[in-house]
Amino acid sequence: MTSPLLHIQGLHVEFKVYEGLLRVLNGVQMAVHQGERVGLVGEAGCGKTTTMKCVLRILPSPPGRITVGRITFHGQDILKMSTQHVQRVRGRGIAMIFQDPTAALNPVFTIGDQLMTVIKYGSRENLGRKEVRARAIAVLQEVQLPDPERILTNYPVQLSGGMRQRVCIAMALSTEPEVLIADEPTTSLDVTIQDQILRLLGELVEKRQTAVIFITHSLGVVREMADRVYVMYAGSIVESAPKEELFGNPLHPYTQGLMRAVPKLTGGGIAEGIPGRIPDYLNPPPGCRFQPRCPQAIEGCELSSPPLVQVRPGHEVACFLFRES
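So the number in our numbering is just where the residue sits in the sequence shown, counting from 1, plus 1089.
Just so you know, the hints here were simulated from the structure itself, not pulled from any lab data. A portion of the hints provided could be inaccurate.
[Stated by the list, open to error] Simulated pairs of lysine-lysine, DSSO-like, Cα-Cα distance not exceeding 27 angstroms:
{"hint": "1", "residue 1": "Lys-1219", "residue 2": "Lys-1209"}
{"hint": "2", "residue 1": "Lys-1332", "residue 2": "Lys-1296"}
{"hint": "3", "residue 1": "Lys-1296", "residue 2": "Lys-1219"}
{"hint": "4", "residue 1": "Lys-1169", "residue 2": "Lys-1209"}
{"hint": "5", "residue 1": "Lys-1105", "residue 2": "Lys-1169"}
{"hint": "6", "residue 1": "Lys-1142", "residue 2": "Lys-1105"}
Remember, predicted model here, so these are calculated numbers, not experimental data.
With these hints in hand, go ahead and build the complete structure from the sequences.
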């Protein structure tokens, strides 16, 4: 296999708060290849969005701080890039669709002002104002927004939630990035609009051959949208595998618990939950962070953190129940 387009290695992040240090990320490992659709799934608060903020170098600092780790894009370490270089990467290499379109758009500027600014400074070409406006109209048409010329003159408050999310998708795709990060892009939308947005994203990504990272806590979205899945728990990747392999044969006890927690639409009893809660990041448990909630914990789980090892081709798991084959 070719080298990863985006590679996260041993990422550790902590936040300084009044009570002490929140050890949020604990050695995150991820790889994304050209044109690959990757799902990043886990409970709320497990560190999914924090990981992607590190990729774009928009982690609030202070209080956040990357203590250890390496994030490479085309083999270059993003964490060591100059500010100007990082800005070019954000505009042309990696783009992000944020979770809340209302917060992502500035309420005092029109959609046209914001979209055309992104195109002007993120484009690889030196475009004039007419060309920028023409591209803005074209990209709004591409995300299936009606009457794009009128929408350019609107303020965010004049659009519905679904329309605002389509504008955010248009902004992210307008500079033709190589990697698109979609941070739960349908969370605040109703189910019918969610389906439309997900289908639209899938079509655009396939058309452009863009690598995409879907951040979600919905296994249904992952199963529909991703080729490969990373499962995160309490700041660590605990399992990664191709979609069919993960859903057909989940190995980590946490992944198995997530599968059991999915509501059964066909009946057959109430979906099971995972007892307990995500550990306190101020004082995380020693060893495996899932050990206090794990029904299959064995001796030694509380002593050291299990490494992510390959148990089958393309299938990795961080659990002492398994050894590298």
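Taking the hints in turn, this is what the structure says about them:
no., hint, in the structure
1, Lys-1219 - Lys-1209, "holds, 11 angstroms"
2, Lys-1332 - Lys-1296, "holds, 21 angstroms"
3, Lys-1296 - Lys-1219, "holds, 26 angstroms"
4, Lys-1169 - Lys-1209, "holds, 26 angstroms"
5, Lys-1105 - Lys-1169, "holds, 22 angstroms"
6, Lys-1142 - Lys-1105, "holds, 17 angstroms"
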